[in-house]
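Undergrad: Chain residues, written in single-letter form:
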Amino acid sequence: GAVVSQHPSWVICKSGTSVKIECRSLDFQATTMFWYRQFPKQSLMLMATSNEGSKATYEQGVEKDKFLINHASLTLSTLTVTSAHPEDSSFYICSAKSSASGRSSYNEQFFGPGTRLTVL
Amino acid sequence: AQSVTQLGSHVSVSEGALVLLRCNYSSSVPPYLFWYVQYPNQGLQLLLKYTSAATLVKGINGFEAEFKKSETSFHLTKPSAHMSDAAEYFCAVSKSGGATNKLIFGTGTLLAVQP
Numbered sequence: 005g006a007v008v009s010q011h012p013s014w015v016i017c018k019s020g021t022s023v024k025i026e027c028r029s030l031d032f033q034a035t036t037m038f039w040y041r042q043f044p045k046q047s048l049m050l051m052a053t054s055n056e057g058s059k060a061t062y063e064q065g066v067e068k069d070k071f072l073i074n075h076a077s078l079t080l081s082t083l084t085v086t087s088a089h090p091e092d093s094s095f096y097i098c099s100a101k102s103s104a105s106g107r108s109s110y111n112e113q114f115f116g117p118g119t120r121l122t123v124l
Numbered sequence: 778a779q780s781v782t783q784l785g786s787h788v789s790v791s792e793g794a795l796v797l798l799r800c801n802y803s804s805s806v807p808p809y810l811f812w813y814v815q816y817p818n819q820g821l822q823l824l825l826k827y828t829s830a831a832t833l834v835k836g837i838n839g840f841e842a843e844f845k846k847s848e849t850s851f852h853l854t855k856p857s858a859h860m861s862d863a864a865e866y867f868c869a870v871s872k873s874g875g876a877t878n879k880l881i882f883g884t885g886t887l888l889a890v891q892p
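Protein sequence lines correspond, in order, to chains W and F. So the first sequence is residues 5 to 124, counted in the numbering used here. So the second sequence is residues 778 to 892, counted in the numbering used here.
Please keep in mind that the hints were generated in silico from the structure rather than gathered at the bench. A couple of the hints might just be wrong.
[Stated by the list, open to error] Okay, derived cross-link-like pairs now, PhoX-like style, lysine-lysine, Cα gap no bigger than 25 angstroms in a straight line:
#1 Lys879/F to Lys70/W
#2 Lys45/W to Lys879/F
#3 Lys879/F to Lys68/W
#4 Lys24/W to Lys879/F
#5 Lys59/W to Lys872/F
#6 Lys45/W to Lys845/F
#7 Lys59/W to Lys18/W
Extracted from the complex, chain W is given alone in its bound form (with noise of 0.2 angstroms):
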């Protein structure tokens, strides 16, 4: 259980276009889910929290005209990356954390595959 899946697993596209990624949790249902942005060799950098129904919260420093959210169901949340650029190149990482309460009360959360982002 408790399985979460990134779409694409990797993508390359031009400077200046958008490209979409998807996060859904196939097993539970996430009230919360997370993006994070993880440079090479780097830990993760936590981009934005997401809740189901609600506009997403950005960390201090993350563009929100930049990096949009959505979390339009219980099971999936998308990051687009608006007007891509190559600094922009990099792992992009969702996570999820169940609605059930038991696993509420440990704030564990449950890490997609990620997304390789190349931008040319």
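Chain W is fixed; fit chain F onto it per the hints.
TA: Using the frame of chain W, we list chain F on its own:
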């Protein structure tokens, strides 16, 4: 504010040797602590977690960690390293309780296992 510090960005051990990855935390409230493993180009997999129950926590793949409040530490150990343990390991802290508390990650420790 909460934070974790992982001492040693790179650790190398011989196959069969003890693995010790260090993590110290800072938290003004009782913390939840986690160890995750990341293989190349993959997401994170939870190894184990401390949630204020037993201070010695056993996880998957033979790993365990001990919560020591007096030392504000949560070091990860494994008695005998396998080649398959080579990966990046992240320690993380979260506030106990709450619905949307964030995970704060350390900078990671890359474990190499020599044959």
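Undergrad: Evaluate each hint against the coordinates.
TA: Going down the list of hints, with the structure as the test:
1. Between Lys879/F and Lys70/W the alpha-carbon distance is near 22 angstroms, which keeps this suggested pair within the 25 angstroms criterion.
2. Between the alpha carbons of Lys45/W and Lys879/F the distance comes to roughly 21 angstroms, so the proposed pair stays at or under 25 angstroms and holds.
3. For a cut-off of 25 angstroms, the pair hint linking Lys879/F to Lys68/W stands: about 18 angstroms separates their Cα positions.
4. Distance restraint check for Lys24/W and Lys879/F: the Cα-Cα separation of roughly 24 angstroms lies within the 25 angstroms cut-off, and the hinted pair is therefore satisfied.
5. About 22 angstroms separates the Cα atoms of Lys59/W and Lys872/F, which keeps this hinted pair within 25 angstroms; it holds.
6. For the hint linking Lys45/W to Lys845/F, the alpha-carbon distance of about 28 angstroms lies beyond 25 angstroms, and the restraint is violated.
7. This hinted pair does not check out: Lys59/W and Lys18/W have alpha carbons roughly 28 angstroms apart, beyond 25 angstroms.
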